[in-house]
Structure formats: C-alpha cells, structure tokens
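Undergrad: My request is simple: use the sequences and hints to build the entire structure.
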Amino acid sequence: MNKIVCHVTIIKENKVVKINLVFYLIDIIWNIMKLSLFLSINTQVQYF
1 MNKIVCHVTI IKENKVVKIN LVFYLIDIIW NIMKLSLFLS INTQVQYF
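Take the sequence shown: its letter number 2 is residue 2 in our numbering, and every next letter is one higher.
Just so you know, the hints here were simulated from the structure itself, not pulled from any lab data.
Glycine included, every Cβ here is placed at the ideal spot set by N, Cα and C.
Honestly, I wouldn't trust all of these hints.
[Claimed, not checked] Simulated DEER-style distance windows between Cβ atoms:
id : residue 1 : residue 2 : range
1  : Lys18     : Phe38     : 38 to 46 Å
2  : Val45     : Val17     : 25 to 33 Å
3  : Gln44     : Tyr24     : 39 to 47 Å
4  : Leu25     : Val45     : 24 to 32 Å
5  : Asn42     : Val22     : 28 to 36 Å
6  : Ile19     : Leu39     : 38 to 46 Å
7  : Leu37     : Val17     : 25 to 33 Å
8  : Thr43     : Phe23     : 26 to 34 Å
9  : Ile41     : Leu21     : 37 to 45 Å
TA: In structure tokens, the structure reads:
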C-alpha cells in the first residue's frame, strides 16, 4: 500500500513523473523476470 501512495504523490510533481515511470517499468520488468525464473525452475523440477 505504501508503494502505491508514494507513486501517487510523486506523480503529482510533473518533474518527477518521467523518473517515476522509469522506476515503475523497471519494477514491472524485474517482477516479470522473477516470475519467469520461478516458472522455469518449477518446470525443470517437474521434469526430474
């Protein structure tokens, strides 16, 4: 919840919006990478 509040407050300041969006994208990409890694490990375990 705190993270969402931070994003909202930062978005209010126009200067920081671009930086905020970049960090938001990095966060999404990082989560996707972790998820894909987790899934690949799970599938490898299932093969054994």
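Undergrad: Against each hint, give a clear statement of whether it holds in the structure.
TA: Status of each hint after checking the structure:
1. In this structure the hint that Lys18 and Phe38 lie 38 to 46 Å apart at CB is violated, the actual value being about 31 Å.
2. Our hint of 25 to 33 Å for Val45 and Val17 is violated, since their Cβ atoms are close to 42 Å apart.
3. A C-beta distance of roughly 31 Å is found between Gln44 and Tyr24, which places it outside the suggested range of 39 to 47 Å.
4. Taking 24 to 32 Å as the suggested C-beta distance range, the pair Leu25 and Val45 conforms, at roughly 30 Å.
5. Distance hint for Asn42 and Val22: a CB-CB separation of about 30 Å, consistent with the stated range 28 to 36 Å.
6. Checked against the hint of 38 to 46 Å, the C-beta distance between Ile19 and Leu39 comes to roughly 31 Å, which is inconsistent with it.
7. Under the hint 25 to 33 Å, the C-beta atoms of Leu37 and Val17, about 30 Å apart, fit the expected range.
8. For Thr43 and Phe23, the Cβ-Cβ distance of about 30 Å falls inside the hinted range of 26 to 34 Å, so the restraint holds.
9. Taking the beta carbon of each, Ile41 and Leu21 are about 30 Å apart, not inside 37 to 45 Å as hinted.
When held up to the earlier numbered hints, the structure conflicts with 1, 2, 3, 6, 9 and fits the remainder.
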